[in-house]
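Based on the provided sequences and hints, a complete structural model is requested.
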Amino acid sequence: MYFQFSDQQVTFRDAIRRALDVEMARQSNREGEGARALWQLAGAQGWLGIMLPEECGGLGLGLCDALILYEELGQVLAPGPFLANSVLLPAFVTSCSSTGPLDALSSSVLAGESVLALGEVSDRGTIYFDHPGLATHVLVAPAGKNALAIRSIGNAKTRDRKAFDPTQPLAEIMDIDDCELLAETADCAAAHRICDAGRVAAAAEIIGCCEAILRKTVDYAGVRHQFGQPIGSFQAIKHRLANAYIRLENARTSVYYAAWAWDNSTAQAELAADVAAACAGEMGPYLVGECLQVHGGISFTWESGLHLHLRRVQRLSRTLGTPRRAWRSIAERVLRDDASALDFAAGASAAQGKPARQASDAV
Amino acid sequence: MDLSFSAEDERFRAEVRDWLARELPAFGYPDIDQRRRRDPELRRAWEDHMCRHGWSGISWPAEFGGKGLPLQRQVIFWEEYASADAPMGINVLGHGILGPTLVVYGSDEQRNRFLPRILRNEEIWCQGYSEPNAGSDLASLTTRAERRGDVYVLNGQKVWTSFAHLSDWCFLLARTDPEAPKHKGISFLLVDMHAPGVEVRPIVQMTGEADFNEVYFNDVEVPVAMRVGAENGGWPIAMAASAFERGTYFIPRQVRMQRELEALIRLAKSRNEGSAAVADDPVVRDRIARLYVDVTVMRLHSYRTLTQLMTSDVPGPESSYTKLFWSEAHQELMNLAMDVLGADALLDHEDAHVADHGRWQYDYLYTRAETILAGTSEIQRNVIAERALGLPR
Numbered sequence: 001m002y003f004q005f006s007d008q009q010v011t012f013r014d015a016i017r018r019a020l021d022v023e024m025a026r027q028s029n030r031e032g033e034g035a036r037a038l039w040q041l042a043g044a045q046g047w048l049g050i051m052l053p054e055e056c057g058g059l060g061l062g063l064c065d066a067l068i069l070y071e072e073l074g075q076v077l078a079p080g081p082f083l084a085n086s087v088l089l090p091a092f093v094t095s096c097s098s099t100g101p102l103d104a105l106s107s108s109v110l111a112g113e114s115v116l117a118l119g120e121v122s123d124r125g126t127i128y129f130d131h132p133g134l135a136t137h138v139l140v141a142p143a144g145k146n147a148l149a150i151r152s153i154g155n156a157k158t159r160d161r162k163a164f165d166p167t168q169p170l171a172e173i174m175d176i177d178d179c180e181l182l183a184e185t186a187d188c189a190a191a192h193r194i195c196d197a198g199r200v201a202a203a204a205e206i207i208g209c210c211e212a213i214l215r216k217t218v219d220y221a222g223v224r225h226q227f228g229q230p231i232g233s234f235q236a237i238k239h240r241l242a243n244a245y246i247r248l249e250n251a252r253t254s255v256y257y258a259a260w261a262w263d264n265s266t267a268q269a270e271l272a273a274d275v276a277a278a279c280a281g282e283m284g285p286y287l288v289g290e291c292l293q294v295h296g297g298i299s300f301t302w303e304s305g306l307h308l309h310l311r312r313v314q315r316l317s318r319t320l321g322t323p324r325r326a327w328r329s330i331a332e333r334v335l336r337d338d339a340s341a342l343d344f345a346a347g348a349s350a351a352q353g354k355p356a357r358q359a360s361d362a363v
Numbered sequence: 001m002d003l004s005f006s007a008e009d010e011r012f013r014a015e016v017r018d019w020l021a022r023e024l025p026a027f028g029y030p031d032i033d034q035r036r037r038r039d040p041e042l043r044r045a046w047e048d049h050m051c052r053h054g055w056s057g058i059s060w061p062a063e064f065g066g067k068g069l070p071l072q073r074q075v076i077f078w079e080e081y082a083s084a085d086a087p088m089g090i091n092v093l094g095h096g097i098l099g100p101t102l103v104v105y106g107s108d109e110q111r112n113r114f115l116p117r118i119l120r121n122e123e124i125w126c127q128g129y130s131e132p133n134a135g136s137d138l139a140s141l142t143t144r145a146e147r148r149g150d151v152y153v154l155n156g157q158k159v160w161t162s163f164a165h166l167s168d169w170c171f172l173l174a175r176t177d178p179e180a181p182k183h184k185g186i187s188f189l190l191v192d193m194h195a196p197g198v199e200v201r202p203i204v205q206m207t208g209e210a211d212f213n214e215v216y217f218n219d220v221e222v223p224v225a226m227r228v229g230a231e232n233g234g235w236p237i238a239m240a241a242s243a244f245e246r247g248t249y250f251i252p253r254q255v256r257m258q259r260e261l262e263a264l265i266r267l268a269k270s271r272n273e274g275s276a277a278v279a280d281d282p283v284v285r286d287r288i289a290r291l292y293v294d295v296t297v298m299r300l301h302s303y304r305t306l307t308q309l310m311t312s313d314v315p316g317p318e319s320s321y322t323k324l325f326w327s328e329a330h331q332e333l334m335n336l337a338m339d340v341l342g343a344d345a346l347l348d349h350e351d352a353h354v355a356d357h358g359r360w361q362y363d364y365l366y367t368r369a370e371t372i373l374a375g376t377s378e379i380q381r382n383v384i385a386e387r388a389l390g391l392p393r
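For the protein sequence lines, the chains are U and C, in the order given.
Residue numbering for the first sequence follows my numbering, beginning at 1 and increasing consecutively.
Residue numbering for the second sequence follows my numbering, beginning at 1 and increasing consecutively.
Treat the hints as calculated values from the structure; they're not laboratory data.
C-beta atoms are modelled at their ideal positions from N, C-alpha and C, and glycine is treated no differently.
Each hint should be verified, as a subset may be incorrect.
Claimed, not checked - Listed below are several chain U residues computed to face chain C (Cβ distance under 10 Å; list not exhaustive):
id, residue
1, Leu181
2, Leu182
3, His192
4, Arg240
5, Tyr256
6, Tyr257
7, Ala259
8, Ala272
9, Asp274
10, Val275
11, Ala278
12, Arg328
Here you go:
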């Protein structure tokens, strides 16, 4: 029983944090232009290959280690299509039996020559995807199919869009059939497994984003004085932030568990991913909202930058599925006739499959 | 990250599970009528039985007669205990708080006098902390212990004293120096409930029974040898005492809540509204999903706490978070149960025809106390804000 990061994982986290702090401090403009520089750093640091099998040039680690990266990315609102390349692509590679084209793509991604973007079908049938300045490929769930496909963007017609989260620029592919198909998941189970990894990583990024703004808010409440005392000494503020802290820790617990369950392919892994997505997906906008409230008037200014946390958690909470769908899925699983869904402890003590390597196992 | 227990720990789990499965039925558990389950006499009989068979002092060091179980085995014990639907005893305060307090802070005389009798469940303990004018602000207590030679003369009143009417001894906080700042004038005393001048008056609870009491002390003589720790040094001891069970106290309550949720789901599936089951109502389904997540997350969080305690044992504000979260989720569960009951919610838990022996009505009422006892939700939020977040006091 060891339900926290190992010393090696903490070291890993500290190294990521230091590198990100230096790079983000260098970037004066958060609205999209720093992505290329950060992407090069990420490639050089090996972050893109965390979950890729060693035979493909990666570190062969699991989601428990990847979520360390994602918390740190969330802390600094890092721009970049990290999820598609460092989580979804490796999960795709390990889920598919014939991997020729994907092996080539993985190598190309590690070398910084190809970049995968996560796509989402718009209500007009076009495909929204992020970081058009970087993306060479797109991963998308074809309409009406329980599958995921990777296509190369090539010369397909695209149009820039103005993104709700300005740190993650957006464009749309007008016709997905203009993009050559590279690989598609063979079955539902593979598609779900890849999406589950993505949802858990996105939830981890929400945790990091929320931790950062909560910290800023506690600091602010300590220095902002009104009525002769720091506003943080008023119970209304204390209770609001205590509630936010509770929800944050709940979401964090659910994310760590979901990552462990995914790495160990437990019987409850899908339900665990639903729980993480539901918890973190709802907690994000709620917590950031509370932090904005405590900041008072300045929270409503563009210049304060606080709104960027709100925009980021909104986007993340809807990555690969909405909290609403996750709650519905939880209800369905829990209310099925099969009552073993509730006995997560059985899943914990009887993990199926070979546990993934973790950073703590590294020599 | 590793959420499994070792093979040896799992063998211990099986041992506990098997013992409980063999021994509980003779006392009527787990299938016992929900009304009888709460009977203090039955609970005492079961507690005596457990102690006779060595299942007491599980967290106490072996040199004081305990089992000295490592923390993860204590957790496993309490998980299995609640999974088996075994009842909580009536000497929880003796086993869980006063015993460990004497182990650390007691004199040899006190340990020899009291610890074996707690382990054999021969003496029942109650806790004399709260007073009519000292609830959340406990340090403002005014029960007075005036030193006269080798005794303290105790005068005052305690309230909400659970099982005082069944107790042999009381550990209490009293003021020994009214001139000192309030936290520095309090002593921790052990009082014989059968001594002259002790009067116990039951208080009827919202739920109908009288498990707690007012306790009046009129010139009760308490030997100085019955003071734990230094004179006027009682407050830090009381604070330390409240932390002894922080890794395990809520485990059985959380596991019990898992079982309650399972029962609530069965209830919702068995009740109909028109042609559909209550369990088909999307609003009910959403609330059940949320309760499932609450219960799962709180159980998993206890494993994070366990890991922290095993690796560093640095006390944090974990217990505030745990108590607050559990008590409010428990209220929501019982709120939903009342909703699901439909017309049956019109019946009192003591009505002859009430569903499930009235467990839902009873627990619905009882959960109103859970956000108040053992530190109100408001106090817990203050502690979290100040100690976990570092907001100014």
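Hints, verified against the model:
Given the 10 Å rule on beta carbons, the hint for Leu181/U is violated: about 37 Å separates it from the nearest Cβ of chain C. This hint is violated: Leu182/U has a C-beta 33 Å from the nearest C-beta of chain C, more than the 10 Å allowed. Among the interface hints, the one on His192/U is violated; its C-beta lies about 19 Å from the nearest C-beta in chain C, farther than the 10 Å criterion. Against a cut-off of 10 Å between C-beta atoms, the interface hint on Arg240/U holds, since the closest Cβ of chain C lies about 9 Å away.
Checking Tyr256/U against chain C by beta carbon gives a least distance of about 6 Å; that is within 10 Å, so the hint holds. Interface restraint check: Tyr257/U against chain C, minimum CB-CB distance 5 Å, threshold 10 Å, status holds. Among the interface hints, the one on Ala259/U holds; its C-beta lies about 7 Å from the nearest C-beta in chain C, closer than the 10 Å criterion. Taking 10 Å as the C-beta contact cut-off toward chain C, the hint placing Ala272/U at the interface holds, the least distance being around 9 Å.
The closest approach between the C-beta of Asp274/U and any C-beta of chain C is roughly 9 Å, which is under the 10 Å cut-off, so the hint is satisfied. Interface restraint check: Val275/U against chain C, minimum CB-CB distance 5 Å, threshold 10 Å, status holds. Using the Cβ-Cβ criterion of 10 Å, the hint placing Ala278/U at the interface with chain C is satisfied: the shortest such distance is roughly 6 Å. Hint on Arg328/U holds. Least Cβ distance to chain C is approximately 8 Å, under the 10 Å limit.
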